[in-house]
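Undergrad: Residue-level listing of the chains:
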Amino acid sequence: MKLLQFFARRLGRALITLWFVITVAFLLAYALPADPTKVLLGPHPSPQQIAKLRHQLCLDRPLTVQYGCFVGRLAKLDLGKSFNAKEPVSTIIARRVGKTAMLALAAVFLMVLIGVPLGVWAALRRNRLPDAAITTGGLIGMSTPTFFGGLLLLYIFGFQLEWFPIGYQKGRELASLVLPAFTMAITGIAAYSRMVRGEMIEVMQEDYIRTAQAKGLSRSSVILKHALRNALTPVVTMIGLDLGVLLGGAIITEYLFQWPGLGREAVKSIITLDRPLILGTVLVASAFIVIMNLLVDVMYALLDPRVRLE
Amino acid sequence: MARRALALLLVLAGCRGKELAKGPAWVGAGAQTPTRGGTLHFSVVDGIKSLDPAIAYDEFSIYALHYVGDTLIGYGATMSADPVQLIPQLATNVPTPERREVTDPEGKPAPVYAYVFHLRDGITYYDPSPPPGLEKVRPIEPAHFKYAIERCLDPDTSSPAQGFFEAIAGAPEMIAGKTKQAWGLQVTGPRELTILLYKPDPTLLYKLAMKFAMPIEPAVVEKYGLDGLTAHAVSSGPFYVKSYDRDVRITFARNPAYWDKDTVYLDGIDMQLMVERQVGFMKFRARETEVIDRMTVQDLLAIGEEPAWQPYLIKDQTIDVYGERFDVTMKPFDDKRVRQAFNYAINRDHLAQLGYGTMLPAKGPLPPGMPGYNPNLRGYAYDPDKAKALLTEAGYGDGFAMDYYITGPDEKVEKIALSVQADMARVGVRLKIKRLTFPVHLAARMAQGKVPFGLDSWVQDFPDPSNFLEFLFHSKYRAPVNSVNSSQYSNPEVDKLLDEAAIELDPDQRLAKYQLAEQMIVDDAPWVFEYHSVRVEARQPWVMDYKMHPVWIRDFRNVWLDLPARPR
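Quick note, the sequences are listed as chains A and B, same order. The first sequence begins at 338 in our numbering and counts up by one. The second sequence begins at -1 in our numbering and counts up by one.
The set of hints was computed from the structure by calculation and includes no laboratory data. Only a predicted model underlies this, so the values are computations on that prediction, with no experimental measurement involved. Fair warning: there could be bad hints in the mix.
[As the list claims (entries may be wrong)] Restraint ranges, calculated between C-beta atoms of paired labels, are given here: (1) B:275 / A:463: 41 to 47 Å; (2) B:564 / A:510: 29 to 35 Å; (3) A:508 / B:564: 37 to 43 Å; (4) B:28 / A:498: 27 to 33 Å; (5) A:545 / B:275: 53 to 59 Å.
[To be verified] Restricting the straight-line Cα-Cα distance to at most 25 Å, the calculated cross-link-like pairs of lysine to any residue (SDA-like) are: (6) B:432 / A:608; (7) B:240 / A:431; (8) B:16 / A:512; (9) B:361 / B:566.
Where is the CB? At the ideal position from N, CA and C, for every residue including glycine.
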C-alpha cells in the first residue's frame, strides 16, 4: 500500500515535470522571432499566401489560444502534423524511435560492459600503472567532444581499416551500429569506470569485506560476490538515468553517422522551425527521462525500504 | 609525443596507402565509348523538402525532381560558359509569342500574346505502383500542364511559385481565389496547349522550364491529396523514385518508358541525405560515392592542391550573388555616402582569398554566366581613404558602432564576417557580429527596420537578369515584413527601366536596359556585392562526361560510368 502511494506521488510529480518542460518548450518555440511560413513558402510569397498559410497552421491566433489548442490536442495524444513532412508527428516519432532505442541500448551496454571492469581493475590496482592509465584515459574520454570522437572513430575504423560502414547502411544495421554506439559510449565508459573505482575503493575498506577475507574466502569471491555487488547499486541508478537521456535521441551522433533516429528529426525540426515536430521530439525526450527517473525511484524503493520514508 | 601517438594510431590503422597525394586509388575500366549501366551514388548535406512539383523549391528537392520530371522546354546548356539556350523537351517546339484578338470569359475583346506548344507524341508517365484502376504507363496530355500551373496558382496549394505565373490571363483572379481555372491556359487540340498573356513576358519560357510546370495528372492529386505527392511521385523524366526514406536516402531507377532513352546511361541514382560534410568526404574517398561537393576548406585544400587529382576536379560558376545588404530606411544607411563608404572599405579580393578558389569577387549583382552580365560595370575598388572621406562628409568622421547580422555556424560566413569587421574597423566603424539561426535571420533581414546591416544572398531561379534585379531592387517587392526586396531600396528610375525591360521583346534592347539599371543600383549601393560562388566538385575517375549544369547543377543526363572500376 505504501509502495502504491509512493508510486502515485512520484507519478504525479513526473506529470508536473512533463507539463512544465513542454510548456517551456512551447513558449521557446513560439517566442522565436521567425515565421515558419517564410521557411515553407520560399523567397517570394504574396502577403495573401502568407496570411492563408498562417491561418492554416493556426499561427494567426493569440498565443494563449494556440497553447490551449496544443494542450487540448495533447490530452487526446495528438501531437499535430509536421509543417515540413506533412505527416502526423506521432507517425514520424513511431518510425524513428526504434532506431534510437537500439542505439541507446547498445551504447549503455558498452558503457557497462567496458566501464565496470575497468573501474574494478583500477580500484584493485590503486595508485599503480593500470589505475593511472584508466583514470587518465577516463579523463580524456569524458572530455572528448562527441563530434571529434565520432569523426576519429569513423576515420580509423570506417575509412582506413574498413571494418565498419561509414555511416548508416540499410541491411547492415548491426555493423552500422558499432561506431555510433562506441561514440556515445566513450563518455559513459569513462564515467562508469570512475564511479565503480570510487565505490570499490570505499567498499573494499568496509568491515564486512574484512570479515569475508578473514573467513578465508577466495579473492575472486570477495571481489565479485561481496564488494562488486554493493558497489554496483549506484551503477543501476546511472544506467536508468543514462537510458532516459539517450532514448530521447542523440543529436550529434545520429547526424554524424546518418543514424535514422529521433535525434536527426530533432535537428531538422529546429533548423526548419517545424514547431509541432520540435515539441514532439522534446516531449518524447523528456518523457523518457521522466519515466526512467520514475522507474529508478521505484526500483530503489523496492531494493531499499528506507527510501519510502524520506 | 603527440606525433608519436598519431604515428602509432596510423600504424594501428593499417595506413593502406590512402594518401590523397597519390590521386584516386581506383580508375575506370577504360571504355572508349559510353556504356549503359551502374548506379551513381552521391551524398548531400541536407534532406529534401518535398517531391510535390508545386511545393519543392529547395536545392536538393529540385535535384530530385529534375531526375523524375521533364517540362515542356528544357535547357540546351550543360555548363555556365555555354550560351543560355532553351530547347524543346516534352513539347516539340519553343514558341515565339503571336499577337491575337480573343474574347475573355466576360465576352469582352482582349488583345493577347499567345504561346502555342505542340506536345511530343508518345510521351508517358511511369508510375511503378499505380493507384487502382490506372496503368503503370499513362499518356501525358496537354491538360496536365494546365493543371500543374493552376495548382501553383491555387491559393489552397500554398505554392511558392504562385507569383511566377501571374502574367497568364486569368491568373490574378485565380490567385485571388475568385476562380478555379485560369482562362489563359487552354487545351487547343489533342496535342496542343496554348498559353495567353495580356502583356508579353520574355521570362515565361524560363518559368515553364522550372519544375513547378512539370505535368501532373488530376487523378493522382485527387487520389493522394495535397500532401501525398512526396510519398507518391509519378515520373515524367529519365528516372523514377525507387525508394525514399526521409532525410536518410532517396534512390532512383531508370524510367523504362522514358521518351528520350538515348540520353540516359545510368541504371540508377543513389542520393544519401543529410550527410555531414567531412563524413561525406570520407565516403567519397572510400569510393562509396562518386561525386562530392561542398567540401570543408581543409578537405578542399587537401584535394585541390594535389596534382594527381586535378583531372577529376570540376569547377564552375554558380549563378548567385552574396554580400551584405543595408536597410536603406535605417540610419545611417539612409545616406548613400555611408553605403558607398562601406563599399569602398570592404576588401573583396581579400574575401575571395578566404574562399580558396570558391569565390569570385563581385562588382554588381549579376554574375558571369548570366545573360546581360556586364564586364565593364563600374564597381567599387578597395579604397579605405575614400571610405573615410565619404564617412566624414556624411558626418560620421568619428566612426560609429553597429550590429552586424550573420547566420551560422558556417565556416565561410564566419571568415567573411571577421574580414568585413576588420575592414570596417580600419575606417572607424565598429561592427558587432550577431549570429542568428537561419530562419530567424531570414525573417529579420526581410523585415523593415530590424537589421541595418547583414548578410544576404540570391541564387537564380532561371538565367535571366530580371530574376535578380526585379526581386531584389524593384520597389514593388518592398514590404514591411517578408520583403523580397530586403534592402527596401527604391529608385523610380530603376523601377521604370525594370518595368520597360520586363515587357521588351527585343533581347538586345532588353539586356541593355538591365545593364543600365544594374549600374544605377550599384551606384546607389543598397548592398555591398561581395562575391559570386564558384563550385568545386570532385568525381571518381570512372564517372564520365559529367559537367556542372548551370541551372540544375547535378544533371546526370549523358553521364555514364566506366565500370567495372579497378585498382590503379
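Undergrad: Is 41 to 47 Å a correct range for the gap between the Cβ atoms of residue 275 of chain B and residue 463 of chain A?
TA: holds (45 Å)
Undergrad: Is the hinted pair residue 240 of chain B and residue 431 of chain A satisfied, with a Cα-Cα distance of at most 25 Å?
TA: holds (23 Å)
Undergrad: Residue 432 of chain B and residue 608 of chain A were given as a pair; does the straight-line alpha-carbon distance stay at or below 25 Å?
TA: holds (18 Å)
Undergrad: Is residue 361 of chain B within 25 Å of residue 566 of chain B, Cα to Cα?
TA: violated (45 Å)
Undergrad: Given the range 29 to 35 Å, decide if the beta-carbon distance of residue 564 of chain B to residue 510 of chain A lies inside it.
TA: holds (30 Å)
Undergrad: Given a hinted range of 37 to 43 Å, is it respected by the beta-carbon distance of residue 508 of chain A and residue 564 of chain B?
TA: violated (25 Å)
Undergrad: Quick check on a hinted range of 27 to 33 Å for residue 28 of chain B and residue 498 of chain A, using CB atoms only.
TA: holds (30 Å)
Undergrad: Taking only the CA atoms, is the gap from residue 16 of chain B to residue 512 of chain A under or equal to 25 Å?
TA: holds (22 Å)
Undergrad: Tell me if the beta carbons of residue 545 of chain A and residue 275 of chain B are separated by a distance inside 53 to 59 Å.
TA: For residue 275 of chain B against residue 545 of chain A, whose Cβ atoms are near 57 Å apart, the range 53 to 59 Å holds.
In summary, the numbered hints that this structure violates are 3 and 9.
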